[in-house]
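Enquirer: Listed below, chain by chain, are the residues.
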Amino acid sequence: MIEEALIVGIFASGVRMSIPILFAALGENIAERSGVLNLGVEGMMLIGAFSGFMGTYMTGNIVVGLLMAMGGAAVLSALMAFLSVTIRTNQLAAGLAVWLLGVGLAALLYRLSFGVVTIAPSIHSFNPVEIPFLSQIPIAGPILFNHDPMIYLAFLLIPITHIFLFKTNLGLKIRTVGENPKQADTLGVNVYRIRYLAIIIGGAFAGLGGAYLSLAITGSFSENITGGQGWIALAVVIFGRWRPFWIVVGALIFGMVNAFQLGLQSTGTTIPFQFLLMLPYLLPIAILAATYKRSVAPAALALPYTRGER
Amino acid sequence: MTSLPIHNILLHKIKPRSIVPFLTGGLAFVVGGIILSSAGVDPIHAYQIMIKGAFGSVRALADTLVKTTSLLILGLAVSVAFKCKIWNIGAEGQLYFGALGGLLAGLSFIGAVPILAPIAVIIMGFVFGSLFSMVPAALKVKLGVNEVIVTVLLNFVALLFISYLLHGPLKAPGFLSYSPNIFPQSELPILLPNTRLSVGILIAAGSAIGVYLLMSKTKIGFEIRSVGANIKAARYVGMNVGKSILITMGISGGLAGVAGAILIAGVQHRLIEGISPGYGFIAVIVALLGKQSPVGVTIVAFFFSALLAGSEVMYRTLGVPVALAQTLQALVLVFVLIGELFLRWQPKWRKG
Amino acid sequence: MKQSDTSPIVLLDGITCRFGDVVANDNVKFDLIKGEIHALLGENGAGKSTLMSVLYGLYQPVAGEILVKGKRVNLKSPLDAIELGIAMVHQHFLLTLPHTVVENIIVGLKSKRRVFLDTRSAEEKIMELSKKYGLKVNPRAIVGNLSVGEQQRVEILKALYRDIDILILDEPTSMLTPQEEKSLFDTLQSMVAQGLSIIFITHKLQEVMAVSTRVTVLRNGKSLGTFRTSDTNESSLAQLMIGRTIIQHAEYSGRNKIGKVVLGIKNVSALNNSKILFLKDFSIELAGGEVLGIAGVDGNGQSELAEVISGLRKAINGQVIMDGHDITNQSPRSIRGSGLAYVPEDRMDTGLILEYSVAENLVLDRYSSEPYSGRLFLKYSDINKFAEKIIMDFDIRGVPGLNFPARSMSGGNLQKIVLGRELSRNPKVLIAHNPTRGLDIGATEYVHKQLLKQAANGVGVLLISLDLDEIFAISDRIAVLFEGKIMGIFDREHANIDEIGLLMGGKKDTVDSTKVQESDDK
Chain A
11 MIEEALIVGI
21 FASGVRMSIP
31 ILFAALGENI
41 AERSGVLNLG
51 VEGMMLIGAF
61 SGFMGTYMTG
71 NIVVGLLMAM
81 GGAAVLSALM
91 AFLSVTIRTN
101 QLAAGLAVWL
111 LGVGLAALLY
121 RLSFGVVTIA
131 PSIHSFNPVE
141 IPFLSQIPIA
151 GPILFNHDPM
161 IYLAFLLIPI
171 THIFLFKTNL
181 GLKIRTVGEN
191 PKQADTLGVN
201 VYRIRYLAII
211 IGGAFAGLGG
221 AYLSLAITGS
231 FSENITGGQG
241 WIALAVVIFG
251 RWRPFWIVVG
261 ALIFGMVNAF
271 QLGLQSTGTT
281 IPFQFLLMLP
291 YLLPIAILAA
301 TYKRSVAPAA
311 LALPYTRGER
Chain B
1066 MTSLPIHNIL
1076 LHKIKPRSIV
1086 PFLTGGLAFV
1096 VGGIILSSAG
1106 VDPIHAYQIM
1116 IKGAFGSVRA
1126 LADTLVKTTS
1136 LLILGLAVSV
1146 AFKCKIWNIG
1156 AEGQLYFGAL
1166 GGLLAGLSFI
1176 GAVPILAPIA
1186 VIIMGFVFGS
1196 LFSMVPAALK
1206 VKLGVNEVIV
1216 TVLLNFVALL
1226 FISYLLHGPL
1236 KAPGFLSYSP
1246 NIFPQSELPI
1256 LLPNTRLSVG
1266 ILIAAGSAIG
1276 VYLLMSKTKI
1286 GFEIRSVGAN
1296 IKAARYVGMN
1306 VGKSILITMG
1316 ISGGLAGVAG
1326 AILIAGVQHR
1336 LIEGISPGYG
1346 FIAVIVALLG
1356 KQSPVGVTIV
1366 AFFFSALLAG
1376 SEVMYRTLGV
1386 PVALAQTLQA
1396 LVLVFVLIGE
1406 LFLRWQPKWR
1416 KG
Chain C
2 MKQSDTSPIV
12 LLDGITCRFG
22 DVVANDNVKF
32 DLIKGEIHAL
42 LGENGAGKST
52 LMSVLYGLYQ
62 PVAGEILVKG
72 KRVNLKSPLD
82 AIELGIAMVH
92 QHFLLTLPHT
102 VVENIIVGLK
112 SKRRVFLDTR
122 SAEEKIMELS
132 KKYGLKVNPR
142 AIVGNLSVGE
152 QQRVEILKAL
162 YRDIDILILD
172 EPTSMLTPQE
182 EKSLFDTLQS
192 MVAQGLSIIF
202 ITHKLQEVMA
212 VSTRVTVLRN
222 GKSLGTFRTS
232 DTNESSLAQL
242 MIGRTIIQHA
252 EYSGRNKIGK
262 VVLGIKNVSA
272 LNNSKILFLK
282 DFSIELAGGE
292 VLGIAGVDGN
302 GQSELAEVIS
312 GLRKAINGQV
322 IMDGHDITNQ
332 SPRSIRGSGL
342 AYVPEDRMDT
352 GLILEYSVAE
362 NLVLDRYSSE
372 PYSGRLFLKY
382 SDINKFAEKI
392 IMDFDIRGVP
402 GLNFPARSMS
412 GGNLQKIVLG
422 RELSRNPKVL
432 IAHNPTRGLD
442 IGATEYVHKQ
452 LLKQAANGVG
462 VLLISLDLDE
472 IFAISDRIAV
482 LFEGKIMGIF
492 DREHANIDEI
502 GLLMGGKKDT
512 VDSTKVQESD
522 DK
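Protein chains in written order, with my numbering: chain A, 11 to 320; chain B, 1066 to 1417; chain C, 2 to 523.
Among the clues, some could well be false.
[Claimed, not checked] Taking CB as the label site, the calculated pair distances span:
#1 B/K1356 to C/S8: 39 to 47 Å
#2 C/F378 to B/A1270: 50 to 58 Å
#3 C/I442 to B/N1305: 34 to 42 Å
#4 C/N330 to B/V1360: 42 to 50 Å
[What the hints assert, rightly or not] A few chain B positions that, by computed beta-carbon distances, are all more than 12 Å from chain C:
#5 V1095
#6 G1098
#7 Y1112
#8 A1203
#9 L1230
#10 L1257
#11 L1278
#12 L1279
#13 G1286
#14 F1287
#15 P1342
#16 I1364
#17 F1367
[As the list claims (entries may be wrong)] The calculated DSBU-like cross-link candidates involving lysine-lysine, where the alpha carbons are at most 35 Å apart (straight line), are:
#18 B/K1297 to C/K429
#19 A/K192 to C/K486
#20 A/K177 to C/K450
#21 A/K177 to C/K132
#22 B/K1282 to C/K380
#23 B/K1284 to C/K454
#24 A/K177 to C/K72
#25 C/K77 to B/K1308
#26 B/K1282 to C/K390
#27 C/K281 to C/K30
#28 C/K315 to C/K132
#29 C/K390 to B/K1284
#30 B/K1297 to C/K450
#31 A/K192 to B/K1236
#32 C/K133 to A/K177
#33 B/K1282 to C/K429
#34 C/K486 to C/K380
#35 A/K192 to C/K35
#36 B/K1297 to C/K205
#37 B/K1297 to C/K315
#38 C/K126 to C/K183
#39 B/K1150 to C/K390
#40 C/K261 to B/K1297
Hints were generated in silico from the structure; no laboratory data involved. The beta carbon of each residue, even a glycine, is placed where N, CA and C say it ideally should be.
Chain A extracted, bound-state conformation (with noise of 0.2 Å):
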């Protein structure tokens, strides 16, 4: 039928718009749980989307573009680990800075690659692969199993992140560093090593999940690309209470909603297109909202950390 077609593309198409902020904001998770509040997140994934598609354009190989996608936003996150965890400077301060210098040095470096063009470079994006059987299950199965690789790879993580998390010896100390990192250092842990170790690795997914918006969703850069999803995603791991499953709920609610608002508008609505536009941002603001009284976030987090401050 046309109305269930209708609906499962849809719901097939919320599962693509959430993969960005759902890599974005799962790795925020682990910057966040080491106790390092990241404003910069917006900047990473314009970075990535930025590297990966330069990476993919000039090399014609799409795993060379994601790897640089994580490349360029480790470094960027390298930098922002630096002035918080060495410099020790006012973490929200170091985000802002590290997100503006995102934003600037991946419209510039892009400006500077291709001058001004009327035709903007493209490349082509991902194949969808289906996975046999799996996605031959009625509704479900074009929706969760008919997509491009990297959103079966975002699948893979959210597992992963929460084993990382929760039942390993590395994922102890990042939360422990989080909560009280203090108690960490004088077990032995090296807290300075394991934020900048979490800070990367929040900055690369951040980096995938800019290069998922760039090399799958539209197949080529704008400075505008991002739009605010790495917000979004800061958003998202507040509402998921810092646990990976939840975070994954949250993206995937953000994703519905913008899929479903960018459906009403091809249905002709008479909704001004920009108020269904705005749904992705209010919506995040009400989840805040509603949610906020009750949330506990890690106990260190966004504090500068010291050894043997008095």
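With chain A's structure known, arrange chains B and C on it following the hints.
Expert: Below, chains B and C alone, put in the same frame as chain A:
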């Protein structure tokens, strides 16, 4: 550390605190130069053009000052919020709402009344900007929601709303999504003929003085600073913290709105999408670098405006993307933040 | 002369530590013999914690050497110390409350399952240690739900789990009831019997005499010598520790006449920050001219009580009546206006704004009224005049200048700023919460004098303190707070420190009821 005569002069006569930011900020230009040369542009040549484009002629200087008008008021707006430890990253959206308010005043019958009209435009700019900032303020006070994410997201909402208006109810006849022009009586008088430098710069200067007086000499300023310095102590001595937050955001959003209104009444004379090329975000850097002192904000705002003006000329002459300016601004902030490390160690040097 | 092996297991020789200008340890020598409990005694700021932090690898000394088990070592981090068998239990526990006991103990250690956590074998090992040393604990419990005593056991297990031989305890009894203290001392004895060596940092003379074999006294960063505990006594130790003969607190001499009730708290209940009921149906009355001391172990509702009275915390039940007016749940501003002054527990965090000048801090509560401001503007000349008067009246020293932040001033002088501001309000009721915490003897005496002066002027003084000596020194009546309720109230003459200690620990039935005034019927 032995005190050589030079060390004495450097450490005791010139305050290191004020010099270090300039030194470290200068490193940003080194990085910018590296990026330029890797793109095949001679950095020295490019920077020369940039300087000329910012200061090299009366017209250039006027352009710099026009931009300073916006950046200074916005920088003040953001720094007032920062003084209360409120992270208002929504100045861009508040600017647009203020522009909307100014536009409506300029299109209304008051907009045709000489002398009153520009005043009304500015006031409505303040009011609209202030009202829009009440959203994150109320969320913060009533529900404890952190304002960083909310203010950022509201920027997008504001821009979309303005876009809707300009494509719809406020659209002037024609192909483009602009608003109609405001009445000529609403326009701010131009100070320098053949430029866009209007009375706005005086309003900006007045705002700087006003903010200075407010923060350091008034009761309200004392409360705002107290809440920002130590909210626990402020509550303990009985200050109404919620009220202070609302007032602070009201002033912050209002000032941003004034900046928007000045763009309407002084520069564009109508509302267009993109009337602000991200001034509200640059203002965040300005406020952070200006250390919340009106003097500091003024200096940084002027300097960054020069950067913007110069980069526009660089683009026209050399094709260097304007995004270089934004990158440089962010780099300056990054390097200054790094430089703070040395400032924190400075007292140890002094004791020698 | 002992025949047993007395070569020290730890030797700190010539240790000097500097932080900026402050010399925290000055050429200190310290040694630890295997199997002993060695007390490190000194006042606040004497350098005890610093010295032990050196041994634990948290700080590097600028001079001196460290020998552990006969070998010279260079401890660059706690990891090095742990590898040598040294562990430290801090005064303020270093625990992650949302995590389980196991997670708190094993973080940072390699596990047999390589990358993955091995909680099962960790639990087994914890249970073994638990039995061996008599430290009962449930490995799967969430640490945030445990009592203070249980949390301390987790801290100790954290150390024992790492196969250590040398355990450093930093002020371990500061948060314990007398009964939990005894339990701890028993544990220490059994640890020593199993071959451990223990260093015990404290400022309490009684503990030194009760449990240690030797004691080293530190004062102002210098060591004044090491003694066998059996060769010394409390007063000689005290003299060394303080440097002069203790001025015995003036024997309680009765007080001026006590007036009518100025503060009545009736059946007040309140929640703490974690939404747990912390004040339970609490009732008490305070009369003008008396000092009412509220004794109790930290965390039994003291802060909540002070905050409810001053309007900083909501009372979900009950009434607070000051001088006949119902001030329950009013705003802090209006309660202060009705005559309350409040010296908070945390002078730097709550009582003052350190970036402000002394003058600005002194008018924090009155800046918006005449003569300190007009309708819009502050009147700095009047503010400064007021400040100068208070600085003189209260002998505030080290003022850095009219426009400089107060941050650099000493703890005692900072507290004088708070006192100067609060006491110059001519209040009817004064709440003083841990007013002498962290202050040296001179500053402490000054504060007590001021509090007594207020009482002499008819002010009702509510002294909430963790320091029993302080309570006994100046209170007219002493009430004991435990788990949000009053366990008993005593007149000072009839107050007995052992009974009070028991009440602080929650034991109600051993108290002789004839000596206790029940609190609720006035």
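Enquirer: Sort out whether C/K390 lies within 35 Å of B/K1150, counting only the CA atoms.
Expert: holds (33 Å)
Enquirer: Would the hint linking A/K192 and C/K35 be met if the CA-CA limit is 35 Å?
Expert: holds (29 Å)
Enquirer: If you draw a straight line from the CA of A/K192 to the CA of C/K486, is it 35 Å or shorter?
Expert: holds (34 Å)
Enquirer: CA of C/K486 to CA of C/K380, is that 35 Å or under?
Expert: Violated, at roughly 46 Å.
Enquirer: Compute the least Cβ-Cβ separation between B/G1286 and chain C, then decide whether it is above 12 Å.
Expert: violated (8 Å)
Enquirer: Would the least Cβ to Cβ distance between B/Y1112 and chain C come out above 12 Å?
Expert: The claim holds: B/Y1112 sits with its nearest Cβ about 39 Å from chain C, beyond 12 Å.
Enquirer: Does B/K1308 sit within 35 Å of C/K77, going by the straight-line distance between their CA atoms?
Expert: violated (50 Å)
Enquirer: Is it the case that B/F1287 keeps its Cβ farther than 12 Å from each residue Cβ in chain C?
Expert: violated (6 Å)
Enquirer: 50 to 58 Å was suggested as the range; check whether the CB atoms of C/F378 and B/A1270 agree with it.
Expert: Given about 21 Å between the Cβ atoms, the range is violated.
Enquirer: Can we trust that B/P1342 is non-interface, i.e. its beta-carbon lies farther than 12 Å from all of chain C?
Expert: holds (36 Å)
Enquirer: Below or equal to 35 Å on CA atoms is what counts here, so check C/K261 against B/K1297.
Expert: holds (33 Å)
Enquirer: Take the C-beta atom of C/I442 and the C-beta atom of B/N1305, compute their distance, and say whether it sits inside 34 to 42 Å.
Expert: holds (40 Å)
Hint compliance for this structure: hints 1, 2, 11, 12, 13, 14, 20, 24, 25, 27, 28, 31 and 34 are not met, and every other hint is.
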